[in-house]
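Given next are the chains, with one letter for each unit.
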Amino acid sequence: MPLLELKDISKAFGGLKVVDRLNFHVDEGEIVSVIGPNGAGKTTVFNLITGIFHPDSGEIVFEGRNVAGLAPHRITKRGIARTFQTLRLFLNMSVLENVMAAQYGQTHSTSFEAMLRLPRARREEREIRKVAQDKLAFFGQRLAGYRHDQMAYSLSYANRRRLEIARAMATGARMLLLDEPAAGMNPNETLEITELIGKLRDEAGYTILVIEHDMHVVEGISDRVIALDHGVKIAEGSFDEVATHPLVIEAYLGARAAPEAEAV
Amino acid sequence: MSEQLGDTGIPAGVPAVPGGVDHPRVGVDEWVASHEGRREAQKGVTGALYRAWDRIPAWGHLVILLGPFAIFPFVANEGNLFRYGLITILYALLAMGLNVVVGFAGLLDLGYVAFFGFGAYLYGIMASGHSGHHLQAEIAIPIATVVTALVGLLLGLTSWRLLGDYLAIVTLFFLQAFVIFVNNANGGPSDFSYPFVGKVDITGGANGLDQIDPFNLFGYHISTTKQYYFFTLISLAAVMILLYFVNESRTGRAWRALREDPLAAEVMSVPVNRLKLLAFMFGAAIAGYTGTIYGAVQSGAFPGDYDVGLLITIYAIVILGGLGSIGGVVIGALVVNGAPELLRSSENARFLFYGVLLLALFVALRPWYRPVIVLLGTIAFGFVVHAIVGAAWSRGTAGHIDGGGKVGRALEHWVLLPTHVNRIAGWAYFALICAALVLTLIHGWWRTLALIPTLYLVAFVWENELVQQVSGATRLILLGALLVVIMNVRPAGIFGTSRVEIV
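Which chain is which? The protein sequence lines are A and B, in order. As numbered in the working numbering, residues 1 to 264 make up the first sequence, in order. As numbered in the working numbering, residues 1001 to 1503 make up the second sequence, in order.
Pulled out of the complex, with its shape left as it was, chain B reads as follows (with noise of 0.2 Å):
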């Protein structure tokens, strides 16, 4: 009987190994192994790309990612280094932490950015005129830390009993306390009577704690916008490594264990409690690390600086780059603090416009022309309209596009651009809408046609509408969209790997 077994299941000559001569029967093992293999290979660029990224080893990722980041600081000037690079990196930096404990042991932690605070305030504590204390540095951070982390075991304690949306209630909660708490405690009437020593000033309330030494390490003072930008790369390649490293360890496999199931984590002699709070301390740690850079830099601390807002923009960047993902994270931050603020210029957000209009085309229409004819078909058309509107009414092509290039006096030819545009624009916005929704409404060749006067009508309501409020409320749709579109292509984040939950 047990020669029979060693082959049950698979007929004599199917070799065991996939991609051999004869290929497996459908169904057995070896042919649902490789066929994951199949549905999981990505195809074109994108997959070429994703599996060139595979093969570099993972010190060749962070010179890759960290590389240009090293460089930037040569070729921008103060305010573009400060807004574009120092604030990335430190978004980067702090959304390293919220990886380890959502991404890494999936636990779902919304007071995260209370211990960003906890640093900021702890640090300002230490050494500030604001407290009259002017601790070195090379002391009050590792302290400021330690304390963090400590806090964040108090804190991973309720995640003994509590998971997913539990712990997130519980959590947002120590976030708003944390809130509340330094918009009181400055010894006003509002703020608590302390046992012994009564009412003091701890964190100056809702006017911040100002005055925060900028850092003196070992005697090495660290005050332009420069100096803390490297401080800030250096610390950054620092936790990714070290990352790196806990990640691939018994700790790590033991975080993914209980990400994917708690219950079989622990009979597997995972001690899950353990872990949990492991993995809320190494957050807060890094978090509160973070807060004494970010402290620093502000030279104060302020209370509206650890809101929610920060908490749902750490969350988008750790999303965005793929939970879990070290790169990613990096990725992440610069997408959402980058695009935002490259947007603010029209011709930025116009490239970007236009950009993502193309991609979302030829990533939705297949087969391949499709899409082309719906390009070629919407830049007939508009110089068609073109001419026709500007000999029939000369007012209708009269108007210029605002911050040219050459792009934007091509477009002078193309797009409709009425001077006393107002009326005109509100109606084209309205009946854009409606073309969406009857878009939506047919299939096949119609959808496609119908796109061609969609398209024109959408640069059009782009050029005389939105563009003029770019540094506003278009910025912020624009980045929606992108987000939306991003998340679209790739819904487990840039370097996420998609999760199966139930097969």
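Same shape as in the complex, but just chain A (with noise of 0.2 Å):
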């Protein structure tokens, strides 16, 4: 059974359809990427996905349930978590802090407890604490000890989208949903992301579900290609088989001049 699986998604945005009956799915483990010209819905399929939109129709199914409908940090909490294209970090709080504050949900005490310093308030507090140190760990010098009280605005660039890697992780979630990690970024950092994620799933263990248009770090990532175009899957399969289908390469270029068209 695959960990995510979406069946026959639609959304319109008033008459735009802007997924169009979508069915694809991700196997526990996997890297997929999702690729596709500007305007293509990627993002839309993600924002579907983490219930920022609910689908008009269809079922998105996680773990074997179906999540659509679903309040966003609900599904945050089934276990899947994404990162943004335009990164939203809190800007005006610590590195720790971003890291520690995307724990809400795997942790239950309450207000009260918290004013009154009870224990299970105290110990998860602890726990919230070791846990975000972990996450930063694993980004090794780049997120390492001396950043984590320093305002996450001060970052730079590539500090935040890895900051943001660090925040989706520490919700708990076993699937992660990430929106072009290396846009912005220069060739060093990008060779970099790629390790990253290869990285993310071979020893952290998440599943990963990523939207690129860097065909290099496609290439060098993704078990599986699945190429859209306005709102409809076009071609899926390995990243060759993709990257040579004829309605890819149309989506990306524009076909070739048809002699029906040279005609009107």
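If you are wondering where the hints come from, they were derived from the structure by calculation, not from laboratory data. Where a beta carbon is used, it is the ideal one built from N, C-alpha and C, also for glycine. Some hints here could point you the wrong way.
[What the hints assert, rightly or not] Covered stretches of chain A (chain B as the covering partner; in silico rule of three or more C-beta atoms under 8 Å from a C-beta of chain B): (1) 34-42; (2) 66-80; (3) 111-119; (4) 122-135; (5) 215-221.
Using the hints, build the complex out of the two chains.
Okay, here's the thing in structure tokens:
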């Protein structure tokens, strides 16, 4: 049974069909890339999976249960966490606090317990801090010790992307949705993020669905590639299969001038 | 390939920690990080003070902030204890709740003082000669607090769909509805007729709900100002401690996250709507609790007390102290309530006036020798003018400074004090405004030099015109100027941290 399965998902904004009867699945431990030209509906698919939008029809099955229609924080609690294409860190909180805040769904002590410093609140607080440090340690020197108390806004662009991943990891999710993790990075940083995504699966055991425009990254990481255009899946398979698929080439480069078109 | 990746972007030999032997190359991560640190580090005395303050543990902050308040009743008389002491800590306690809603969670709630009113009226209904019920305070206070919190929950529901300006408008409506309700709910002709019971006098209408009982806690009667003072002070300390712990917990972090970015918070497993309600409930509970104390202190609840004026005062306290800062609220209350009271005496007002002028001079003029030149120049200029006018027109220096003191007597030898000053002062005021406009047009050394006669003119206008009305308009002008100066020096409030919105 796949970990995540989209069944006939459709979403329209007014008259515009952004996602049209989309079907795909992601197996446990897989890295699947979603590609497609701008406006193909990739980020909308992420928004649908994470509950920011609700699908008009269809089912999103995660771990055998339909999560379509749930509030985003409930879906995250079930085990799907994401990063944002346009970074959305809590800029005026420290690096460590960003990661600690994401563990809200994993903890249970109430504000009353916190006010009175009851044992469960104190224990959970220690655990939250420990987990946050562990998640940041995954990024080695990049988000190491002395940075923990710095404000998120003082981080460089690449480190903000890393912090977003750390924050998503801290939610306790099994599956990460990464929305253009290499966007805006220089070639060196892109290589590094490629390796990091592999590490996330191999060492940390995450299942990963990733949107990416950089074909080198897609080629380097993907077990499987799904190509979207106008909200419809146009190809699926290994990187080579998808990259040479005529519909994908057409979507990116436009159709070769067809005789009928010339006639008109 | 992987061997290179570890130090991508940083040439070999650059240490990971800034401040090492080699400095990080400009533009790499480490440089960006330490650059931000450099920019943030404050220079000079204020910077050192803030850093020292940060090193003190939290309980130390509490002792420093509230310690003077604990001593105050033993040195102040009854009237001062009420005006400076009790009202300040009541304001501080009330502003604590607003700080949760606006500072922690970032929800723009303009209906906040309605909860304060709810507390006072609820307590009045449960324990007053007006209503005829006389519940013990230990029962009435918790009931009033909890009911107010539930009303807060209801109002908070609007924040599920509304944020920012829209939430502000709806909550402001709520406040107005509350004021209109308490103004009319006296069973009179304009009152509602309630189902089953008909017209009932609930709030006493425009005349207020009077004869509210003093607190009777477990048989212990709180009635003097000093007793109320200590009761409020202990409540304030307790609320500060509880809020500090909440703010350091997962709830506090979730509030901050939702203030920063509600969508990201929601996706990071924070149930945003529930936390908004919780913030509203916290705020309303604190306001309701403060309201019961205020009702008992005033021995009455009056509609005019819970109006937009109070709302602005409480907002000023929270913003001046620094949004989201618990200690800042206390300082904010001290400034906002203390300053206008202190300014009632012309001596204090003069002290503050010249103090702010000096401070502004030294803050605005760089490098250091310019303000010194202006200052010495102004003093010399004053004596010269005084000597010339004294020789030529003896009436021009014959006046006296009211509210003397040593400073006042010294000033009599410096500033011109004509007798029968009215018309001259009016023209001087006009000239001062023109001079201020001219100052904005010139630059460099010309401006520095032009400052000298202008400052003398300022002193002249102050001593001959403004100081006469110090308990009226001048006091408020000064307060406004003081707030403008403070907010300019510390844009994020006294204890606030400046927030970065977009980078």
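Results of checking the hints against the structure:
{"no.": "1", "hint": "34-42", "verdict": "violated (count 0)"}
{"no.": "2", "hint": "66-80", "verdict": "holds (count 5)"}
{"no.": "3", "hint": "111-119", "verdict": "holds (count 5)"}
{"no.": "4", "hint": "122-135", "verdict": "holds (count 3)"}
{"no.": "5", "hint": "215-221", "verdict": "violated (count 0)"}
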